[in-house]
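Sequence order for the protein chains is A and B.
Counted the way numbering that gives the first Met the number 0 counts, the first sequence spans residues 0 to 170.
Counted the way numbering that gives the first Met the number 0 counts, the second sequence spans residues 0 to 236.
Simulated from the structure, these hints should not be mistaken for lab results.
Glycine residues also receive a C-beta, built at the ideal position from the N, C-alpha and C atoms.
Be a bit skeptical, because a hint or two may be false.
Okay, derived cross-link-like pairs now, DMTMM-like style, lysine to aspartate or glutamate, Cα gap no bigger than 25 Å in a straight line [to be verified]:
| # | chain 1 | residue 1 | chain 2 | residue 2 |
| --- | --- | --- | --- | --- |
| 1 | B | 197 | A | 68 |
| 2 | B | 197 | B | 117 |
| 3 | B | 235 | B | 157 |
| 4 | B | 197 | A | 79 |
| 5 | B | 39 | B | 141 |
| 6 | A | 49 | A | 23 |
| 7 | B | 197 | A | 23 |
| 8 | B | 197 | B | 60 |
| 9 | B | 38 | B | 88 |
| 10 | B | 197 | A | 118 |
| 11 | B | 38 | B | 117 |
| 12 | B | 197 | B | 145 |
Away from chain B, derived, C-beta distances all over 12 Å, residues of chain A [claimed, not checked]:
| # | residue |
| --- | --- |
| 13 | 30 |
| 14 | 38 |
| 15 | 40 |
| 16 | 48 |
| 17 | 103 |
| 18 | 104 |
| 19 | 110 |
| 20 | 118 |
| 21 | 121 |
| 22 | 143 |
| 23 | 147 |
Restraint ranges, calculated between C-beta atoms of paired labels, are given here [what the hints assert, rightly or not]:
| # | chain 1 | residue 1 | chain 2 | residue 2 | range |
| --- | --- | --- | --- | --- | --- |
| 24 | B | 153 | A | 114 | 17 to 25 Å |
| 25 | A | 45 | B | 215 | 15 to 23 Å |
| 26 | B | 147 | A | 48 | 45 to 53 Å |
| 27 | B | 178 | A | 9 | 15 to 23 Å |
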Amino acid sequence: MKRFSSVFLILIAAILFNGCEKDDLCTTDQAATPRLVIEFRDVLNPLNFKAVDQIQVQEIGSSELAPLDSDDSTTLTDVETISIPLLTDGNRTSYDFIFTEDGIANSDNIDFNYILEEEYVSRACGFRIIYNNLVAILTPETSGTQWINRTVIVENNITNDTEDIHVQILH
Amino acid sequence: MIQKTYMFKYFISILAIFTFFTSNAQGENEIEKDSIVYKKSYGLRAGLDLASLVRTALDDEYTGFQVLADYRLSDRLYIAGEIGSESLDRISESVDYETSGSFIKAGVDYNFYQNWLDMDNMIYGGARIGYATMSQTLNRYDYNIDNNYFPVFTNVVDREFTGLNMIWLEIQLGLKVEVLNNLYMTANFQLKRQVSEKTPDNFDNLYVPGYGRTFDTGNIGVGYSYGIMYRIPFFKK
Chain A
0 MKRFSSVFLI
10 LIAAILFNGC
20 EKDDLCTTDQ
30 AATPRLVIEF
40 RDVLNPLNFK
50 AVDQIQVQEI
60 GSSELAPLDS
70 DDSTTLTDVE
80 TISIPLLTDG
90 NRTSYDFIFT
100 EDGIANSDNI
110 DFNYILEEEY
120 VSRACGFRII
130 YNNLVAILTP
140 ETSGTQWINR
150 TVIVENNITN
160 DTEDIHVQIL
170 H
Chain B
0 MIQKTYMFKY
10 FISILAIFTF
20 FTSNAQGENE
30 IEKDSIVYKK
40 SYGLRAGLDL
50 ASLVRTALDD
60 EYTGFQVLAD
70 YRLSDRLYIA
80 GEIGSESLDR
90 ISESVDYETS
100 GSFIKAGVDY
110 NFYQNWLDMD
120 NMIYGGARIG
130 YATMSQTLNR
140 YDYNIDNNYF
150 PVFTNVVDRE
160 FTGLNMIWLE
170 IQLGLKVEVL
180 NNLYMTANFQ
190 LKRQVSEKTP
200 DNFDNLYVPG
210 YGRTFDTGNI
220 GVGYSYGIMY
230 RIPFFKK
């Protein structure tokens, strides 16, 4: 009978262990909805980067500034690349790009249009969005000067924000 | 002196005869011991999984039912299997889903336990192949987003995926103990490995009847069962 009780104990332990399932955690190494990655380039020579002195970005429907990098900084200085989130419940996100140089702020607006596609990630993380057929439209201003000259789409399917650059802003 | 030798001879011969008889008797005893064979009961053993019934009572999100059976082939080997149905309606952080379906498991149990006298208990290892067919409904999901700039947009849907299935291999370690005549208590622990599955398009099998929950990280599953079984004896051998 000793053997039975020892096997029985092992079974109870196994059942209890099984009852304590590890929590399903959505870890950062799992795929997330990608951000839009933007590079700032020189309009006179588009092969060259041209850093912006100070940049802030705000979605037109939001009262807060958008995060610009993985640390979620909302103001960056002397920067060549930013990555900003896009809306997941529609086909458009409209952003004001607030460029500050020598204390003078200049805000230009760009509409980003795209087609949403859902992709299953995991039980813990749920789904994510990838953005297809990206189009960027610089809103013309009737008065004042625009700091952005034009935009160039480099990659129109946004699936990855760690390796890809999607849009260039030439200024 | 002559008489003494005679006496000795007499004594020795008696001793010899006695030894002969005793040894003979011993031999008889041994044969008799061998001839007492405790006959094993053969028949169909069927029962209920109490684990799924208990969980049905305790867990609002779960209903399940499982029938257990085995049939003795030889002293140590049994054909064994389980059949049942399960449904789970799970609310979790990122995904709410519902799974329901039925399953069958078939294989063998091998008894490692050397029974004493007429006992009929098992410490067994089992092998099974399992097949489940189920449907899964996605009820709600969130997007995995690395920032909280925009408000969380939750999708409430009713997306049903039917015709899903899974095949897996399973090993069991367990006990079957006779508590009353022909009535057994059983408990086991199960380790499973997926062989093939049909998953929903752009989604995954999150729970599989008979297999249990799946894990994001691999194709290994675990489970357990405990219940009661009754043997309908057909014959003794």
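The hints, checked one at a time:
For the suggested pair residue 197 of chain B and residue 68 of chain A, the alpha carbons sit about 39 Å apart, so the restraint of at most 25 Å is broken. The suggested pairing of residue 197 of chain B with residue 117 of chain B is violated, with an alpha-carbon distance near 48 Å, which exceeds 25 Å. As the CA atoms of residue 235 of chain B and residue 157 of chain B are separated by approximately 56 Å, the hinted pair breaks the 25 Å bound. The hinted pair formed by residue 197 of chain B and residue 79 of chain A fails the criterion: a straight-line CA distance of about 46 Å is larger than 25 Å.
Distance check on the hinted pair: residue 39 of chain B and residue 141 of chain B sit about 59 Å apart at the alpha-carbon level, beyond 25 Å; violated. Restraint check: the Cα-Cα separation between residue 49 of chain A and residue 23 of chain A comes to about 43 Å, which exceeds 25 Å; the hinted pair is violated. As the CA atoms of residue 197 of chain B and residue 23 of chain A are separated by approximately 23 Å, the hinted pair is consistent with the 25 Å bound. For the proposed pair residue 197 of chain B and residue 60 of chain B, the alpha carbon gap of about 24 Å is at most 25 Å, so the pair holds.
Proposed proximity of residue 38 of chain B and residue 88 of chain B is contradicted: the alpha carbons are some 48 Å apart, above 25 Å. Proposed proximity of residue 197 of chain B and residue 118 of chain A is supported: the alpha carbons are some 18 Å apart, at most 25 Å. A C-alpha spacing of about 7 Å is found between residue 38 of chain B and residue 117 of chain B, which places the hinted pair at or below 25 Å, so the restraint holds. A distance of roughly 31 Å separates the Cα atoms of residue 197 of chain B and residue 145 of chain B; the hinted pair therefore is violated under the 25 Å criterion.
The claim that residue 30 of chain A lies off the interface is violated: its Cβ sits roughly 7 Å from the closest Cβ of chain B, which falls inside the 12 Å cut-off. Separation of residue 38 of chain A from chain B is adequate, the least Cβ-Cβ distance of about 20 Å exceeding the 12 Å criterion. With a cut of 12 Å on Cβ distances, residue 40 of chain A stays outside the contact zone with chain B, its closest approach being about 25 Å. Non-interface status of residue 48 of chain A relative to chain B is upheld: no Cβ of that chain comes within 12 Å, the nearest being about 25 Å off.
Listed as outside the interface, residue 103 of chain A is consistent with that label: its C-beta sits roughly 26 Å from the nearest C-beta of chain B, beyond the 12 Å cut-off. The Cβ of residue 104 of chain A lies farther than 12 Å from every Cβ of chain B, with a closest approach of about 20 Å, so its non-interface assignment holds. With a least beta-carbon separation of about 16 Å from chain B, residue 110 of chain A lies farther than 12 Å from that chain, consistent with its non-interface assignment. Chain B draws residue 118 of chain A into its interface by the beta-carbon criterion, the shortest separation being 7 Å against a cut-off of 12 Å.
Not every CB of chain B is more than 12 Å from the CB of residue 121 of chain A (nearest about 4 Å), against its label as outside the interface. Distance check on residue 143 of chain A: its Cβ is at least 27 Å (rounded) from any Cβ of chain B, clearing the 12 Å threshold; non-interface status holds. No beta-carbon of chain B comes within 12 Å of the beta-carbon of residue 147 of chain A; the shortest separation is about 21 Å. For residue 153 of chain B paired with residue 114 of chain A, a C-beta distance near 21 Å keeps the hint of 17 to 25 Å intact.
A beta carbon spacing of about 43 Å between residue 45 of chain A and residue 215 of chain B contradicts the range 15 to 23 Å that was offered as a hint. Restraint check, residue 147 of chain B to residue 48 of chain A: a C-beta distance of roughly 30 Å breaks the suggested window 45 to 53 Å. Checked against the hint of 15 to 23 Å, the C-beta distance between residue 178 of chain B and residue 9 of chain A comes to roughly 20 Å, which is consistent with it.
Violation of the numbered hints given earlier is confined to hints 1, 2, 3, 4, 5, 6, 9, 12, 13, 20, 21, 25 and 26; the remaining hints are satisfied by the structure.
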